[in-house]
Amino acid sequence: MLVNEKIAIEHGLKSNEYKKICDLLKRTPNITELGIFSAMWNEHCSYKSSRLHLKKLPTKGKKVIQGPGENAGIIDIEDDDAIVFKIESHNHPSFIEPYQGAATGVGGIMRDVFTMGARPIANLNSIHFGSPQHKKTKNLLRGVVHGIGGYGNCMGVPTVAGQTCFDNSYNGNILVNAMTLGLVKKDKIFYSKAAGLGKPVIYVGSKTGRDGIHGASMASASFDEKIEEKKPTVQVGDPFTEKLLLEACLELMSGDSIIAIQDMGAAGLTSSSIEMASKGNLGIEINLNKVPCRETKMTPYEIMLSESQERMLIVLENGKEKLAKTIFDKWNLDFAVIGKTTDSKNIELFFDDQKVANIPVNALVENSPMYDRKWKKSKLPKKNKIKKEVLNKIKIKEVLKKILSNPNICSKEWIYQQYDHTVMGDTIQKPGGDAGVVRVHGTNKAVAASVDSSAVYCWAHPLTGGKQVVCESWRNLISVGATPVAITNCLNFGSPENENNMGEFVECVQGIGEASAYLNFPVVSGNVSFYNQTKEVGIKPTPSIGGVGLIKNYKNMITMDFKEVGNIVLIIGKTLGHIDQSLFARTILDEDNGPPPEINLFNEKNNGETLLKLIKESLIKSAHDISLGGIITALSKMCIKGNKGIDLKKPKFLISEIEYFFSEDQGRYIVEINPKDIKNVIKILDKNAVHYDELGIIVDKHIIINEKTKVTIDELKSYNTNWLKDYMDS
Amino acid sequence: MKSTVITFPGSNCDRDMDVALNKFGFKNKMVWHDDVELPKSDLVVLPGGFSYGDYLRCGSMASKSKIMQSVVNFAKSGGLVMGICNGFQILVETGLLPGVLLRNKYLEFICKNVFVKVDNNKNPYFKNLDKDVFEFHIAHNEGNYFCTKDQLNEIEDNNQVAIHYCSADGQTVEQFNPNGSIKNIAGIFNKEKNVLGMMPHPERMIDQSLSGEDGSLFFKNLINNIK
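Quick note, the sequences are listed as chains A and B, same order. Per my numbering, the first sequence runs over residues 1 to 730. Per my numbering, the second sequence runs over residues 731 to 957.
If you're looking for bench data, these hints aren't it; they were derived computationally from the structure. Incorrect hints may have been included.
Said to hold, decoys possible - Ranges of calculated distance between the beta carbons of each label pair, as one might list FRET restraints: (1) B/E865 with A/K377: 50 to 60 Å; (2) A/N553 with B/N889: 32 to 42 Å; (3) B/K913 with A/L576: 52 to 62 Å.
As the list claims (entries may be wrong) - Quick list of in silico lysine-lysine cross-link-like pairs, DSS-like style, CA-CA up to 30 Å: (4) A/K188 with A/K322; (5) B/K835 with A/K138; (6) B/K759 with A/K188; (7) B/K950 with A/K555; (8) B/K794 with A/K412; (9) A/K563 with B/K842; (10) B/K759 with A/K322; (11) A/K186 with B/K759; (12) B/K950 with A/K725; (13) A/K325 with B/K842.
Stated by the list, open to error - To give an idea of the interface, some chain A residues facing chain B are shown, with a C-beta separation under 8 Å as derived from the structure: (14) G149; (15) G198; (16) W331; (17) D420.
Heads up, the beta-carbon is just placed ideally off N, CA and C, and yes, glycines get one too.
Here chain A stands alone, though its shape is the one from the complex:
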């Protein structure tokens, strides 16, 4: 087939990009070459709209072993141990085919982690759906949850934490972000940089089929009413094969046979081979007839663009082929020598004795397009004034019922019960807490991880929202007693070609960068998902932040459940009564204007670090950060989990009771302290200039809000636990 501009545009390329390809090659590409360019130059693989801005993120730190640019980031967790982790989106495929889309999202991120030599030890996910009333939501939710569970459970990796949100803006574009943590010895890390000439290039794993062709291109475009027709671009997962691939790869990695290894993810064989060659500044030669195929008569174009799952590409030391083959035979996996490294610095493909593609590697990588897209700065919205009469009319108990049963607050037990969260025998904090915690097998250490997003804040003011998500992740880790180490980010946005959406992206990234630099909480990996958009309507800007922290002695881990009647409960951090953009404002007052709560990075850092000090001195019995839904929501969860109540003190401020209980001021935690320790705690708080207020005393069975309002723990439980299950059953 002769290639022309029209065909290039059908491949998602712009006409100027097609011209650039012809210039770089000094000729017209053939169809296979065009396919390869389109796969490498789409937004998903090339980061052409985001690269410029991502460069500004802080990515270095004392604990960072590997920052962005590899399959995943790596941090040092002392001794000989390191944690490999990353979050990645699988949004577009999950909307088209929720089970397979979500499943292969989980499979893909686990492959990114074990490609580096790490055994996956924890999975997390952040999933966003449209309004519960929207006709597609229930089926999408069910399919995504089944898909995540179906893959992760079979792999035997515990899913330890996650986040589920509902908002109208995801009606036409759901988000499925999957995160994996893996454990590796520092001297056993594997990279994707090829080295040496004439080294065998090995294909292992599943056979190549016709599934997922153009998957990455599909994920780089907006949706329209014909989106259902894109089903063939969704990959089909086989977690059983991936489990075998994991064990086989780790077995091969225990020796010294591997020079470089790269999983075949987005854009399959194309991006994996080109990435390894590019990093090693080498050429690569592949005989496509040697690629194990599942279907007959596959063309070079199809073989190169297939996104069949559970495949790896390895550059091996000479002479190790036999040893490697024995291992892959044992695990019943395909193994084929398909090519070698060369000094041509080109990717050269052969099929039926013909050269079917010959492209300089740097044309595909270094010369890929990069755009400085137009973007619009957003203004900080003006504060709303809520009338006293409105607040006075509100009955706290009724509001509490509505808030605790709100889809974004209610218990997600229906979801996490479907994920195996205890396999591997090291999960010491299960889903439903501030962060999931797993022990580092056979040591006293534990790793905490959480995933967060705050799309509403980001939508109201992207810069503040970007900062807030990083701070929330930091707080969640501190709340379980972990020292925050680093983050991974999944940046979900609308079309970069729209200057409002692009502005949201630029400013969220700026906010993330400022907060992570200030908190010394660097970004070590991540991905960008643009075009979460149906026709002209994009989603709310939704950066998801996956945070990872270290607990040196797991016995010092903190949970949020109230422990003992008679203990004193404090709020760390100042309550100012910021109601705008709170869950209360949006669901009770029906008001969605106004600025998000302000972020004060100094207080954030000081409050968090001081709390960690208290935890290290064993002065804290339980802790929970205050986020969506304010003090009363956080408190209710601590009561429900501990099956205890609290007698609340009357707040001494000038703000109303409603503002006190439902505002979402940042940098706050609720902590439980034994009366014998209170003097000591206050001394440390004062010494570090941390603001605190006394909230109340733990009692048996009620939250006693004031003389007139009392709620039993059983009532709180029924508000909180039933919504999701009832919704799914209805």
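Fit chain B to the known structure of chain A by using the hints.
Frame of chain A; chain B shown alone:
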């Protein structure tokens, strides 16, 4: 005491079982499904997981593994064989245990703590325990035990029900049946009581920091009974 854990392609609780057995004093060996001979053992365990991806039917392909002939012979000669979760499914597929394990009633994977009541304590697995209600952990998609009426009569006549799902105080009522199992059955024996299959994972309850410690009680007692 010597134990053996069989690893099938897709097993994923094999390491957890190895950790638990070693912790409570067994000298455990891991054996690959493709091996033919079983090392000298006082206990053979088929661990949980997704052998062969649960394809065809859970446990069916694993039941045809090379090593299984030796396991069946070992069981028939009176050796102790315990199958947990997928291991239970494999035992049913070999015919060492009666009945089948269907998909959970609500068609969803379930991962949570449950209570089980020990029904029969005249066997090497449960004798000498101080209590009869245990908190164990389940994590499965196909744990809905089913058998014919005749089989059920036979199972009950021979006291082959090992554990029932129950409430915290030992009531074996439908409300506490997590997966639709016939008569709340969570685990059964063969006639001779040397082969045990159960859905709950005692190996996930061996540490106060994990889900709980009832698994520790189970393993401590088991090794004492075998000694």
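Query raised in the report: Does the structure keep B/K759 and A/K322 at a Cα separation of 30 Å or less?
Result: holds, 28 Å
Query raised in the report: Are A/K188 and A/K322 close enough, with their CA atoms no more than 30 Å apart?
Result: holds, 22 Å
Query raised in the report: Does the alpha-carbon distance linking A/K325 and B/K842 stay inside the 30 Å limit?
Result: violated, 40 Å
Requested in this report: Given the hint that B/K794 pairs with A/K412, test it: the Cα-Cα distance must not exceed 30 Å.
Outcome: violated, 40 Å
Query raised in the report: Taken at face value, is the distance from the CA of B/K842 to the CA of A/K563 at most 30 Å?
Result: holds, 22 Å
Requested in this report: Verify the proposed pairing of B/K759 with A/K188, using a straight-line Cα cut of 30 Å.
Outcome: Since the Cα atoms of B/K759 and A/K188 sit roughly 26 Å apart, the hinted pair holds (cutoff 30 Å).
Query raised in the report: Do the alpha carbons of A/K186 and B/K759 lie within 30 Å of each other, as the hint requires?
Result: Holds, at roughly 28 Å.
Report task. Could you say whether the range 52 to 62 Å given as a hint is met by the Cβ separation of B/K913 and A/L576? Result -> holds, 59 Å
Report task. Please work out if B/K950 and A/K555 have their alpha carbons no farther apart than 30 Å. Result -> holds, 23 Å
Query raised in the report: Given A/G198 as an interface hint, is the shortest Cβ-Cβ distance to chain B below 8 Å?
Result: violated, 34 Å
Query raised in the report: Can A/D420 be said to touch chain B, with a Cβ gap under 8 Å?
Result: holds, 5 Å
Query raised in the report: Between B/K835 and A/K138, is the straight-line Cα distance small enough, at 30 Å or below?
Result: Roughly 20 Å separates the two Cα atoms, so the pair holds.
Consistency with the previously given hints fails for numbers 2, 8, 12, 13, 15, ordered from lowest to highest.
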